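Undergrad: Order-wise, the sequence lines are chains E and G. The working numbering numbers the first residue of the first sequence as 1022 and each following residue consecutively. The working numbering numbers the first residue of the second sequence as 8 and each following residue consecutively.
Hints listed in this document are in silico derivations from the structure and should not be mistaken for laboratory results. The model shown is predicted, which means the values in this text are computed figures rather than measured ones. There is no bait here: all hints are sound.
Cβ-to-Cβ under 8 Å is the rule here; a few derived chain G residues that face chain E: (1) A144; (2) A185; (3) G186; (4) R187; (5) T188; (6) K248.
Below, in silico cross-link-like pairs of lysine to any residue (SDA-like), each with a Cα-Cα straight-line distance of 25 Å or less: (7) G:K248 x E:P1039; (8) G:K248 x E:V1053; (9) G:K248 x E:H1048; (10) G:K248 x E:Q1047; (11) G:K248 x E:V1045; (12) G:K248 x E:Y1078; (13) G:K248 x E:R1038; (14) G:K248 x E:V1127; (15) G:K248 x E:V1049; (16) G:K248 x E:A1073; (17) G:K248 x E:M1101; (18) G:K248 x E:R1044; (19) G:K248 x E:D1056; (20) G:K248 x E:L1040; (21) G:K248 x E:F1100; (22) G:K248 x E:H1043; (23) G:K248 x E:C1077; (24) G:K248 x E:N1051; (25) G:K248 x E:P1046; (26) G:K248 x E:G1076; (27) G:K248 x E:G1042; (28) G:K248 x E:R1041; (29) G:K248 x E:P1075; (30) G:K248 x E:R1055; (31) G:K248 x E:S1098.
From chain G, some residues computed to sit far from chain E (all C-beta separations above 12 Å): (32) S9; (33) L37; (34) L122; (35) I264; (36) R269.
Even for Gly, the Cβ is constructed at its ideal location relative to N, Cα and C.
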Amino acid sequence: MSRPDTDRGYRGYIGSRPLRGHRVPQHVQNLVIRDYARRHGLRFLLSATEYAMPGCYLMLDDVLAGLDRLDGVIAYSLFMLPRRPPRRAAIYRRVLDCGRVLHFAVEGIVIAGAADVPAVEDMMRIDAAVAGGTTDIRGLG
Amino acid sequence: MSWSFHDPDEQALSRRFLAAGYVVLPVEDLGALERIRALLVERTCAWLDCAPPAEPQGFLDHIHQRVEPADLNALRVALIGALNAASWARPAYYALARRALTVLVGNELAMQRRLNLSIQLPGDAGSLLPLHADVWAGDSPFELVLWVPLVDCRATKSMFLLPPAANARLGAALHSFAGRTVEDVYRSVEPDLEWLEVRYGQVLVFNQTLAHGNRVNQEPETRWSLNARFKGVFTPYADKKLGEFFEPITLRAASRIGLDYRLPGGFDE
Chain E
1022 MSRPDTDRGY RGYIGSRPLR GHRVPQHVQN LVIRDYARRH GLRFLLSATE
1072 YAMPGCYLML DDVLAGLDRL DGVIAYSLFM LPRRPPRRAA IYRRVLDCGR
1122 VLHFAVEGIV IAGAADVPAV EDMMRIDAAV AGGTTDIRGL G
Chain G
8 MSWSFHDPDE QALSRRFLAA GYVVLPVEDL GALERIRALL VERTCAWLDC
58 APPAEPQGFL DHIHQRVEPA DLNALRVALI GALNAASWAR PAYYALARRA
108 LTVLVGNELA MQRRLNLSIQ LPGDAGSLLP LHADVWAGDS PFELVLWVPL
158 VDCRATKSMF LLPPAANARL GAALHSFAGR TVEDVYRSVE PDLEWLEVRY
208 GQVLVFNQTL AHGNRVNQEP ETRWSLNARF KGVFTPYADK KLGEFFEPIT
258 LRAASRIGLD YRLPGGFDE
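This is chain G alone, in the form it adopts within the complex (with noise of 0.2 Å):
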C-alpha cells in the first residue's frame, strides 16, 4: 500500500489538473458570485443610464445592443474601477475557489491585487488578447489563474488553451518563429487548441504557463469574464512582484512569527 499526505480528492484534482493543464469547477460561493454579477450589472445600468434588468444573465449576454465596440473600453474601465474599489470583491473573488486554489496552490497564497475583466463583444477585434503564455510576459510559473466567467461561455465566446503535450512542441519551437508573428504561431497550434466551455456558476483554474487566448467572438452573445492570479506567497516570484501585483491574502499564524522573529542578539566573541 502506498501512503500519501494529500487525500484522495485532493490528489484527484491535482492529476487531472496537471493532465489537461485546467479544471473547471463549480463555483464554491454562489452568493459572491451573484453579489458580483449585481454589482457589475448595476454599474453597467448606471453608466447606460438604464433601468435593471429583470434577468441578469440575459442583459450581460445582449449588452452589445446597448454599447458600440467604440464606448467598450471606457465601460470597461468604468466597471474595473467599480470593482477593485469594493473592498468585500476580492475576498468574494477568492471564496468562489478557496478549496480548489488550496488543493492547486497552497494554503499560503499571494493574489492579484486587481481583477480584471474582459468583455467581448460579438464580432469585435478591438479586445482580443492573442495566443500567448503569461509566463513569458514576466509571470511567475508558480502562478494559476483563476477565470470566471459571468455568462455562458463556450466556443470563440469562451478561451482557448493549448493542451500540455503540444505546448512542450511549441515551446521547442518558438524561436523559430522569430520574425514572424504571433498569428503565425497561432496558425501553426490552431488543430491542437482546446476552447473551454465553462457556465455562469462555475470557475476555470488554468495553468498560464500553458499557451492561451482568444480569438473574434464569432458567438451572437458578449462574454463577459473576470480573471485574477494566485500563487504560493512563498515561492519565487518573476516581474509581477509582491506589492505592485501581488498581495498575500492567507498568510498563517507560524509564517508571521517567523517573519516577525529575531535571535536574540547583543552577545560578544
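Just chain E, with the same shape it has in the complex (with noise of 0.2 Å):
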C-alpha cells in the first residue's frame, strides 16, 4: 500500500472477504475502483485492503486516520461497511467533519454531505433485513 504524505487523491478501498455471500477477487476490486475513479476524474492512491477476519475493519480504521492527507476515500462497495448502524454513522461523521468524501464504486454512490447519508442507511439496513435479520430491523420502524 503507498502511503503518499503530500500528494491528495483518494485512497482505495478493498476487501478480503465475501461480499453479500460473494467473492471479487481483489484485483478486480481494484479494476472496478480505477475505472470508477477515472470516468469521475479522480486521482486515484493505492488501495487498502481490509483484512480477512470477520468484523475486523482495522484498515479502514488506518484509511480514515490519514483522511488529512487524502480528498476522501473510495471504496468498492457500499456493503464493506460496518454492519452496526451507529459504528457505520461514526465512519460518516470522520469523513464529513474534515470536508471529504466517501465514494462506492460498485453503486456510483457518494455521501459528499450529511443529506447523502439517509439514502445510504435506507438501502445498508434494507439489504440487511432481507438477508435474514442481520440488523436491528426495529431500525426500520
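Two chains, each in its own frame: build the complex with the hints.
TA: Structure representation (C-alpha cells):
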C-alpha cells in the first residue's frame, strides 16, 4: 500500500472477505475502483485491503486516520461498511467532519454531505433485513 | 534411536525456520540472480535513457540520485511489466531457492503468477508497507514468501518481522486495536521486531503469517527487492486463488495421473 504524504487523492478500499455471499478477486475490485476514479476524474491512490477476519475494520480505521492527507476514499462497495449502524454513523462523521468524500464504486454512490447519508442507510438496513435479520429491523420503523 | 523420514539437514532447516519464522540462505543459482538483476538494470537504464553502469549494485544502491520519488511508481510499474513479460524470469526466480522451498513447502508447488518488485528510496514515505501479515489480507496460511534483495539490505533499508512468540501475543490482542490505527499496532510491537539483514547473493524465506513490513528507509542507499509466494499446490487456498494469483509449477507424474483418471463407467445396478 502506497501512502504519499503530500499528494492528495482518493484512497481505494477493497476487501478480502466475501461480500453479500460472493467473492470478488482483489485485483477485480481494484479494476472497478480504478475505472470509477477515471470516469469521475479522481486521482486514485493504491488501495488498502481490509483484513480477512470477520468484523475487523482495522484497515478502514487506518485509512480514516489519514484523511487529512487525502481527498477522500473510494470503497469497492457500500456493503463493505460495518453492519452496526452506530459504527457506520461514526465513519460518516469522520469523513464529513474533515470535509472529505466517501465514494462507493460498484453502486456509484457518493457521501459528500450529511444529506447523502439517509438514502445510504436505507439501503444498508433493507439489505440486512432482506438477507435475514442481520440488523435490528426495528431501525426500519 | 528415533527414525525420521527427513534428512538431518532438512530437519535442521525446518527447525530453524519454525523457531525464527525465517531463514536467510545463499542463493542456489547465482547465475539466475545475475540474469534477473541484469534485466532490471538494463530496463532501468532504458527508462532513464542512460548508459549501462559498470557496477550494477552501486547503480541500484544510488538510483535515488537519478529518480525522483514522484517518478518512482512509473519506473516500478515498467520494471514489473518487463520482468513478468520475460518467460524465463519466474523459473529463474524459483531456481534461487529450489531446494529450500522443497524442504520448507513441498515438491509440488504453486507459485505466485507475478513477481513483485519493491524499490524504496532513502527518506521516501511513498512506498511503505505498514505492519501486516499477508494471511490477514487474503493469503493462505499455507504460503511462504521468497524475498530476494538485489542490493545489500539491513536495518530500515530492509524489512522487519515479528518473531513467532511475540506474534502469537499480537494475534491474541489484535482485536483490542479496533478503532485505532496500524501505526498503533506497530508501536505496540516495535521493541520485539527483528530487522532482517539479507545481502545480495542471499535469499530470505519467511513465514507470512508473522507480522512484517517496512518503514521509511533511513539508510543512504535505495532498497531493491523482489518477492513472490509459494505454497503446496494441493493445500488450501484463501482469497488468493489458483489461476488468478497462483499457478502450479511442479506437478508430479502421480498427480497428473490422478487428475486425469476416471473410474471405468457404464455399469448398471
